[in-house]
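Top to bottom, those sequences are chains A and B.
Using my numbering, the first residue of the first sequence is number 74, and each one after it goes up by one.
Using my numbering, the first residue of the second sequence is number 49, and each one after it goes up by one.
Calculated from the structure, these hints are not laboratory results.
Listed below are the simulated DSSO-like cross-link pairs for lysine-lysine, each with C-alpha atoms no more than 30 Å apart in a straight line:
1) B/Lys119 - B/Lys105
2) B/Lys131 - A/Lys171
3) B/Lys105 - B/Lys118
4) A/Lys74 - B/Lys131
5) A/Lys171 - B/Lys105
6) B/Lys105 - A/Lys74
7) B/Lys105 - A/Lys176
8) A/Lys171 - A/Lys141
Stretches of chain B that chain A covers, calculated by requiring three or more beta carbons in the stretch to come under 8 Å of a beta carbon on chain A:
9) 93-101
10) 151-159
Distance ranges between label pairs, derived from CB positions:
11) B/Pro87 - A/Leu84: 14 to 24 Å
12) B/Tyr58 - A/Pro81: 28 to 38 Å
13) A/Glu88 - B/Gly88: 25 to 35 Å
In this text, a Cβ means the ideal position worked out from N, Cα and C, and glycines have one as well.
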Amino acid sequence: KQEVTQIPAALSVPEGENLVLNCSFTDSAIYNLQWFRQDPGKGLTSLLLIQSSQREQTSGRLNASLDKSSGRSTLYIAASQPGDSATYLCAGGGSNYKLTFGKGTLLTVNP
Amino acid sequence: DGGITQSPKYLFRKEGQNVTLSCEQNLNHDAMYWYRQDPGQGLRLIYYSQIVNDFQKGDIAEGYSVSREKKESFPLTVTSAQKNPTAFYLCASNGHTIGAYQPQHFGDGTRLSIL
Chain A
74 KQEVTQIPAA LSVPEGENLV LNCSFTDSAI YNLQWFRQDP GKGLTSLLLI QSSQREQTSG
134 RLNASLDKSS GRSTLYIAAS QPGDSATYLC AGGGSNYKLT FGKGTLLTVN P
Chain B
49 DGGITQSPKY LFRKEGQNVT LSCEQNLNHD AMYWYRQDPG QGLRLIYYSQ IVNDFQKGDI
109 AEGYSVSREK KESFPLTVTS AQKNPTAFYL CASNGHTIGA YQPQHFGDGT RLSIL
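Chain B extracted, bound-state conformation:
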C-alpha cells in the first residue's frame, strides 16, 4: 500500500542536541511538507519542497533544517537553536496536476519531547 512513513513515533531530545525526524513516501509525489502541531493549535508549516534538491522556508523555519536529496525522502532536523521543540511533527506530500490541486496525504506523526 502507498503511504507516508514517519519515524520514530516518539523521540526525546537532550538540551543542546540535534535530532532528525524521518519521512519517507512511496506515493511518487513531487511535493513534501513538514508541519508542527501544538495543543489546541492548527498546523504550522516549517519547510516544504516541491522538487528534489529544492526547498523553501515555511512560516516557522527558525531552528529547523531539511534536505531533499531523493524524491521519496524529506528528513527534518530539529537543531539546538530551536528553544521550544516539544510538539507533534507531521509530514505530508501531494502530487502536482496542472489546473487542479491534489489533496495532501499525511503520515502518523512524530511526538518530540525534551528530556
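Chain A on its own, in the form it takes in the complex:
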C-alpha cells in the first residue's frame, strides 16, 4: 500500500526566500506525482503534475522534481511571496487512477 510523507509539517520563511518542500513515497511503482495548493477552508488547486516518465515540471516560480528510484519528490518555490502562504499537498497516483495524499506542509511567507 502506497504511503506518502511530507516534511516539514510547517515552514515559516521571510518574503523573497527560495524554499523546498519535500515529499516521499513508499511504492516506487508510481504512475504520477501531483502537487496541490490548499487555502484555508477551500478545495485543492492543482499546481504541477509529473508523469512517471518525466523527471520534472515547471510553472512560473514553481519547479517540481520526481525521483522514483529514491521515492522522493520536491517542490521548489523561487522568490517566495506572502500570497504563496497556504498548505501544499503532494499525492502519488497508482494504476487505478487513485491518488494517495500526504498530510501537507503549511507554508507561511512573512512580509
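Add chain B to chain A, keeping to what the hints say.
Just chain B now, kept in the frame of chain A:
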C-alpha cells in the same frame, strides 16, 4: 467557466439522519471522486467512479453511499451508520487520456457537522 460545484457549503446532521452532499461538474470528465479531510490529515478516498453507472469503494467507504446516474453528477450520502461524520468533504474529477494521467480538479468542499 468550467468547474466543480459542491453544495451546500455547510451542512448539519442530526443523530440517526442521512444527509446527501451534491457534486456537479461541467468539465465533461469521466472520473469523479469523493474525499474526506480531517484536521491535520491528508485526504482519504471514500468512493470513486470512472464511468456512468459504475463506482468503486475507496479506503473509507463504510457508512457512505454514492450513485452515478449522470456523467455530470456524483452525489454522496452520509448515512446514520457513519458514526464520526464531522469532516470537510471534497469532490474531484478528471478526464482520462491514454498514456497520460490528467490532474484532478476539486470543488470548494462541504463542511459537515453534527448537531
